[in-house]
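Asker: Residue numbers (this note's numbering), protein chains in the order written: chain A, 1 to 307; chain B, 308 to 449.
Keep in mind that the hints were calculated from the coordinates and are not lab data.
Accuracy of the hints is not assured; some may be wrong.
Claimed, not checked - Computed footprint of chain A on chain B; a stretch qualifies when at least three of its residues, placed anywhere within it, have a C-beta under 8 Å from a C-beta of chain A: (1) 320-334; (2) 360-373; (3) 382-396; (4) 418-428; (5) 435-447.
Just so you know, these numbers come straight off a predicted model, no measurement behind them.
Glycine residues also receive a C-beta, built at the ideal position from the N, C-alpha and C atoms.
Residues per chain are reported as follows:
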Amino acid sequence: MRTDSLLARFFAAFEGTRSALPIAVFRIAFFGGLALHFFPSLVRLDDNYTAGVLRTEEWNHFFYVSLQHIPHGVLRTASIVTMVACVMAMVGLATRIAVLVTGVGVYMFASFNGLPVQTLALVDAWAILLAWMICGGGAEALSADALLRRRRGGGDASEAPRAPKLLSGLVLYQAVLGTFFAGVEKVLAGWPQTNEMGILLNYPRGFILRDWVADSPWLHGSLVTHAFTWLTLVVELGAPLVFVVSRQPRLRLAVLVVYEAFFLGIVVMLEVPPLFYSIFAVGGLLALDDAQVEAVTRRLRGSRLRS
Amino acid sequence: MAQRVFVCIWVVLGVVGALNHTIAEKLLGMRFNLVLPHLEYGYVMFNKNPHDPAVYDYVGDDGIRRPLAELVATRSFFHADSRLAVSVIFQPDYLREVCYRATRGTTKSYTFIVDHYDIDVDPRHPVQSQTLRCDAHGLAPR
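Modelling step: build the complete structure from the supplied sequences, incorporating the hints.
Answerer: This is the structure:
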């Protein structure tokens, strides 16, 4: 009996429908992040994806070795198609096809040369793109597809759009899985016995730290850096567990606030790609339940009306 | 039912993939090839940070010292310096590539300055500085 209820609780995160807004916001942020990350190298093909340039093999070996046999015109066409598809996915136009083309395109180019785009956030990006290709969706709100559907008379404009939980559940799972195992890796690397943040926050200007952090002596002391070391471990190991196990809205919301502040702190203090933030921080917003989404949208609408 | 099977496979694969890079490697000394791209690497974020970072700058005709990342034509939004530093770690020849791309088809020359730090000795001042000349002939110690 108890097993049945546990299973039901587990699958409830992936079955039925929920507010379509969080996954729509994630769609915009995620494909925006991919665009910022990949477009510069896709525009400058000669500097990054020709046979003579310095390259690293990080992903698919077949794509890596086939680059030298691909004519420049084909490569240029592929880069344009990938960029167009990414923008389409971001605005939610023919979303499923756009996601498929974007996924194949960016994976192919990352395999051609890892050097201009390599980041560990790509591990999660591949997972999310693959899940999106399989599940579809994510364009029920804030999308051109939804707008076109409404123009054609399908759906009531006054009704809050709903989306299947499957994709949202898988994206949230991916974000918290990455966060949790980043914490596990840190524990295995000996973080509890050392002060790794003491090393990180003492780096000079021009190496990983944002300039203001390198120029702020109060952030370099032992007490502050030890606190950051432990805060990192607690958030990375604790927040995913709360999101997976707890069904108490208030606790989940409180932990979500800390989790969001943590990732905001990372991008404000360290030079990490925007794609990292769009996956982990915006992905975390999928932990909001329908009532919390409704409360947030009501508050946003209220402040817009007031202004 | 099919959806439940899919969810189970996806969730279990994600955990197995993550364990493959943490526990499996520590216990068995090897990783398994799990084929799917998102299971190829572990979730490592700043878990071991180098104690000897290097900072790359350049000086152009105007004599002003600037971050070398400014010479890289392919933009890395909001993480240009760390992209350059990581690229040099991945490919030590990357500095030559930056020099080649910046000077090809021109008569320009630059001075590249590499400041090596030792965080355990003095995180504010470099323990060693290296000056390199970059022009159409390539990159060479000055």
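Asker: Closer than 8 Å Cβ to Cβ for three or more residues is the test here. Does the stretch 418-428 of chain B pass it with chain A?
Answerer: holds (count 3)
Asker: Mind checking, does the stretch 320-334 of chain B have 3 or more residues with a CB under 8 Å from chain A?
Answerer: holds (count 6)
Asker: Residue count check for the stretch 435-447 of chain B against chain A: does it reach three with CB-CB under 8 Å?
Answerer: violated (count 0)
Asker: Mind taking a look at whether chain A covers the stretch 360-373 of chain B? Criterion is 3 or more residues with CB to CB distance under 8 Å.
Answerer: holds (count 5)
Asker: With a Cβ-Cβ cutoff of 8 Å, does the stretch 382-396 of chain B contain at least three residues near chain A?
Answerer: holds (count 12)
When held up to the earlier numbered hints, the structure conflicts with hint 5 and nothing else.
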